[in-house]
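Position chain A with the ligands against the provided structure of chain S, taking the given hints into account.
Just so you know, the sequences run in chain order S and A.
Straight run, no breaks: the first sequence in the working numbering ends on number 253.
Straight run, no breaks: the second sequence in the working numbering ends on number 584.
Treat the hints as calculated values from the structure; they're not laboratory data.
Careful, some of the hints might be misleading.
[To be verified] Part of the chain S face toward chain A, derived, beta carbon under 8 Å: (1) Leu-69; (2) Ala-93; (3) Tyr-125.
Heads up, the beta-carbon is just placed ideally off N, CA and C, and yes, glycines get one too.
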Amino acid sequence: MLKMNNISKVFRTDVVETHALRDFTLHVEEGDFVAVTGPSGSGKTTFLNVAGLLETFDDGDYLLDGQSVKGLSDSQLARLRNEKIGFIFQSFNLLPDLNLFDNVDVPLRYRRFNAAERKRRIEEALEVVGLASRMRHLPSQLSGGQQQRVAIARALAGQPRFLLADEPTGNLDTQMANSVMDLLEQINKEGTTVVMVTHDPLLAQRAQRNIFVRDGRVSEVTSNADASELLHKTAQVG
Amino acid sequence: MNQIGPIFRALLRNKVGAFLLALQIALTMTIIVNAIHMIENRSSLMARPSGLDEANQFYLTSSGYRDDFNEQLVIEQDLRLLRQLPGVINATQINAIPLSGGGWSMGLRTAPGQDGLNTGVAIYFVDENGIEALDVELIAGNNFSTSEISYREANAVEWPQNAIITAATAKELFPDLEPAQTVGKTGYISGDEPLTIIGIIDQLQAPWNGWSGVERVMLVPQRTLFGSSRYFIRTEPGQRDRIMKEAEELLLRQDAGRLVRNVRTMTETREDSYRGHQALQTVLWITVVLLTIITALGIVGMVTFNVNRRRKQIGTRRALGASRGDIMGYFMIENFMVTSFGLLLGLGSSIALNIWLVDAFNLPRIGWHYLPIAMVILWLLGQLAVFGPARRAAGISPALATRTT
Ligand SMILES: Nc1ncnc2c1ncn2[C@@H]1O[C@H](COP(=O)(O)OP(=O)(O)OP(=O)(O)O)[C@@H](O)[C@H]1O
Ligand SMILES: [Mg+2]
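Next comes chain S alone, as it looks inside the complex:
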């Protein structure tokens, strides 16, 4: 699904070279829910940006959904982001001048869906996050948790294979963080692969796999799969 082999990423400024990622290797399977943790500056965001095609990398291979992304043009990358990846940001990144409907509409328009299709998807996505009744509101009229749910709706509306989230609960209190987490779990259960960077160990534990990043490397992989998979399986059996 998402295969990174020996990825390295160097930021060069006039004075310093920062090796944000070195020999970064990680495979994420379809349907995974991966939580990424690590100290500040360890390269979590850089990993997520490379994974989400927001940044290029210097070395190594990256296959997204079986396709090597090396050498793709800017517009090809934009297209891949648009079709395969949903982003959730720490500070929500809603467009302040657009109401909720238009916010969720943004990636759908770039995808050139027709109006009826967009409307259907927007309403459905806002329904999922429980904000369908507030479609005409502006982001500034919502709480942080609600804004993040709109952002999730926006990420979901295009039905991406991957959901990438960089500290999606970082700006939220525990209660709102939990409700966002519930939503992500639900989405994951419905088949979307989720990769989430977080500082919160409790939230991280709720993911199937935890990846610990240090100095731009994957330094530890732990699996919580048993518990959740068990739950998942019993749910299916039952």
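Below, chain A with the ligands alone, put in the same frame as chain S:
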């Protein structure tokens, strides 16, 4: 293109800035359209022919100062000498110079007495050589005969029998007749002094370029004995400058007790005559250019500001799948909307300003074609001004979505 709806709605949330820019564009269009209209209007005034052969004509003033100055004799001798100069086509005495700003006008009526329409005409006293020296074309009737040229004292009130008028004068006096048909008609000057129209010339301008009757001119077959007289000389093409010097020296060599001064070409006279028009045109052009630059810079500034303010939004859009073209398109379309709104306002105010100018300054109505041309130019200008900032916006990295807070 399918971004139009949300761009418009987002724009409505930032009305003030957009509206101010639209106002600037409206103002620019209003001033540019009317300024160019005025420039063109002045150009068309300046392009009117004087009726003369300006490039090959000059004139000079001869003023007697000595007690024994015999004016009539000197004039006759001067004109004879001038006409004999090789390269001179003809010369005449004349009381005033077309376009010079100074001259003589009288009222003409088609019936004697004080009733009836009094048509103002500029008077040029010339002799039988006047038509050729001025290079005007006699389109009907006859030239003056040598024998009918009389001398006019400064205090004279009588008028000779015959006159030649321009076609425009004929049209004004006898609106129902073709100019040629007015030959033989009588005009009345100074109340009830009759003048027979013996000839019609095609065109000749009065001394005053701003006068609405600038085409109304009458030639009167007299030489003036006013102490100071002007000779108007027409030369073969290309000979003017040489002959100007020779003519002045020739006249000075005659020990006649007079001064020769104010030797000037018709070319200079035209330039002087329209100097004000030309200055106005220059000022208007500068205004047009400066205003265009200022407006373009205003657009560049506004869009640059918007791009900087929205860097994170742009990064987010890129992350959500916008291509560089989509981002460029966003700003181009946004600007197109603001510009269009401004131009619609400008359309209204351009017409309003013109109506006021027509009213207040008697300017002609604006040609409708100015408006679409100005709109297209300002649209293009707007798009050109946006291009740079929009390209920088398109270069913003999608990583900005996660890298900034
Ligand atoms: N645009 C950049 N230019 C230069 N250096 C950068 C840039 N972006 C990140 N870095 C550096 O790369 C390293 C990894 O940064 P990254 O943002 O991936 O860390 P992080 O794990 O997300 O940290 P945090 O938990 O604080 O968000 C850091 O040392 C950072 O300073
Ligand atoms: Mg980070």
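Hints versus structure:
1. Leu-69: Hint holds; Leu-69 (chain S) Cβ to chain A Cβ min 4 Å, cut 8 Å.
2. Ala-93: holds, 4 Å
3. Tyr-125: Holds. Min distance 4 Å.
The structure shown violates none of the earlier numbered hints.
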